[in-house]
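Listed here are the chains, written in short residue letters.
Protein chains: 2
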Amino acid sequence: MTTEKHATEDSGQAEPATVRRRTGGRSARVRAQVLAAVGEVLLAGGYDALTVDAVAARAGVHRTTVYRRWRDVGGLLADVLDAAADDAWGPPDTGSLVGDLTALNQEVYDALADSGPNLTTALIAASFRSADAAAALSRFWEDRYARCAVVADRAGQRGELPGPVDARALLIAATAPLYHELLLLRAAPDPDLPRRAAGAAAASARAGAFGTGDH
Amino acid sequence: MTTEKHATEDSGQAEPATVRRRTGGRSARVRAQVLAAVGEVLLAGGYDALTVDAVAARAGVHRTTVYRRWRDVGGLLADVLDAAADDAWGPPDTGSLVGDLTALNQEVYDALADSGPNLTTALIAASFRSADAAAALSRFWEDRYARCAVVADRAGQRGELPGPVDARALLIAATAPLYHELLLLRAAPDPDLPRRAAGAAAASARAGAFGTGDH
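The listed protein sequences correspond, in order, to chains A and B.
Take the first sequence: its position 38, counting from 1, is numbered 38 in this note's numbering, and each next residue is one higher.
Take the second sequence: its position 134, counting from 1, is numbered 134 in this note's numbering, and each next residue is one higher.
These aren't lab readings, by the way, just hints derived from the structure by calculation.
Ideal placement from N, C-alpha and C gives every residue a C-beta, glycine not left out.
Incorrect hints may have been included.
Just so you have them, the derived chain B footprint on chain A, three or more residues with Cβ under 8 angstroms [to be verified]:
# : stretch
1 : 120–128
2 : 199–209
Among the chain B residues that face chain A by a calculated CB cut under 10 angstroms, a handful are [to be verified]:
# : residue
3 : ALA44
4 : TRP89
5 : ALA125
6 : LEU183
7 : ARG206
Residues on chain B that point at chain A, a partial pick, calculated with CB under 8 angstroms [as the list claims (entries may be wrong)]:
#  : residue
8  : VAL30
9  : ALA32
10 : PRO177
11 : LEU185
12 : GLY199
Okay, chain A solo, but in the shape it has when bound (with noise of 0.2 angstroms):
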């Protein structure tokens, strides 16, 4: 990852524990800036808004220090959606899978149906303008598809499931249609949706869809 990558280049193997500790903090504490300064000038002015300066400008960054780390806006947005999927999140336990996939969509629902500009739209916009976001934002849902195979895997161990499932397959079409409705559609948001859509997806999969020896 940029940061990390970043705050180690000029550490000398000797260096030491504490200094490296301190570099990292303060190089953490401008990364964090930055990258909130991403996600403001987005959401204020979008996409036509969004240039080096003024996320630096709005970090109170010096602009080389931004142009340095990040070199241009598709470096900053791929930076945004790495650090967000640098955490400790997994899907919840509910002990069903319709109640892990009902939570999965709430959260996806949650992010979207946000009236107003919000942050996961601006996103995903931003990846039809920028191929670094594109590729950062699939990296992103990769990632998540790989912390929800454990949803799977659960209600294959609860006797749920017929066989085993390709669980990303599972994931997409619990999730999917939520984009569809709230993204593409932009239908009014219907609070009953993630529900609906992680039935229907739960039901496939105790039906036998989504069985790896399926493809």
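On the provided structure of chain A, position chain B as indicated by the hints.
Okay, now just chain B, sitting in the frame of chain A:
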């Protein structure tokens, strides 16, 4: 629709039918040239290249004609989508629910999996930048869902479903994974995806998902 209104707005009641037809013919021809030019400019240079002047030049039509009739880029994009909906398209009747959904998914797949820039992706990307395009895209899709309600009706008549279903929810369940994979995740096109996603949605429906009581 834009064209019809324009073609008749200066027509007096007593105008002979032949004149109206001729006016409509020229009007329709200009519209076809301009809308084709919108697609060409969009594919060649993206939304940033799309201006009324660029479209007029490409279409070989005077710019004031374009301004008067379409007003701005949003009006042009909306009319491209309205024109696309102005057809006799209907869902193929393959004799089974999974067959019908697979055929629909194949059309979505063919539109999105096209390597290089394709008009469907370009129009969806434009919908993130133009409220008029976004509204027209929603109209286009809702009209397609309405036409496809017959897919659910036929499945019901064949006894494939346990009860009446929300056709729109079923259609979104079938198609949304394709938009998600190809448009948002930018995954490598998998030629088996249309069938798999259709199969999963059909399995849900057979298991009682999308029931009209489930709201």
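Going through the hints against the structure:
Evaluation of the coverage hint for the stretch 120–128 of chain A: fulfilled, as 4 residues show C-beta separations to chain B shorter than 8 angstroms, against a requirement of three. Using a Cβ-Cβ cut-off of 8 angstroms, 9 residues of the stretch 199–209 of chain A lie near chain B, which meets the minimum of three, so the contact claim holds. For B:ALA44, the suggested interface contact is broken, since its CB lies about 16 angstroms from the closest CB of chain A, more than 10 angstroms. The interface hint given for B:TRP89 is violated, since its Cβ lies 18 angstroms from the closest Cβ of chain A, which is over the 10 angstroms cut-off.
For B:ALA125, the interface hint holds, since its Cβ comes within 10 angstroms of a Cβ in chain A; the closest pair sits about 4 angstroms apart. Against a cut-off of 10 angstroms between C-beta atoms, the interface hint on B:LEU183 holds, since the closest Cβ of chain A lies about 8 angstroms away. A least Cβ separation of about 7 angstroms between B:ARG206 and chain A falls short of the 10 angstroms threshold, and the interface hint therefore holds. Hint on B:VAL30 is violated. Least Cβ distance to chain A is approximately 30 angstroms, over the 8 angstroms limit.
Interface hint status for B:ALA32: violated, as the beta-carbon distance to the closest one in chain A is roughly 27 angstroms, over 8 angstroms. Proximity of B:PRO177 to chain A holds as hinted, the smallest CB-CB distance being about 5 angstroms (cut-off 8 angstroms). This hint holds: B:LEU185 has a C-beta 5 angstroms from the nearest C-beta of chain A, less than the 8 angstroms allowed. The interface hint given for B:GLY199 holds, since its Cβ lies 6 angstroms from the closest Cβ of chain A, which is under the 8 angstroms cut-off.
Checked against the numbered hints given earlier, the structure breaks hints 3, 4, 8 and 9 and satisfies all the rest.
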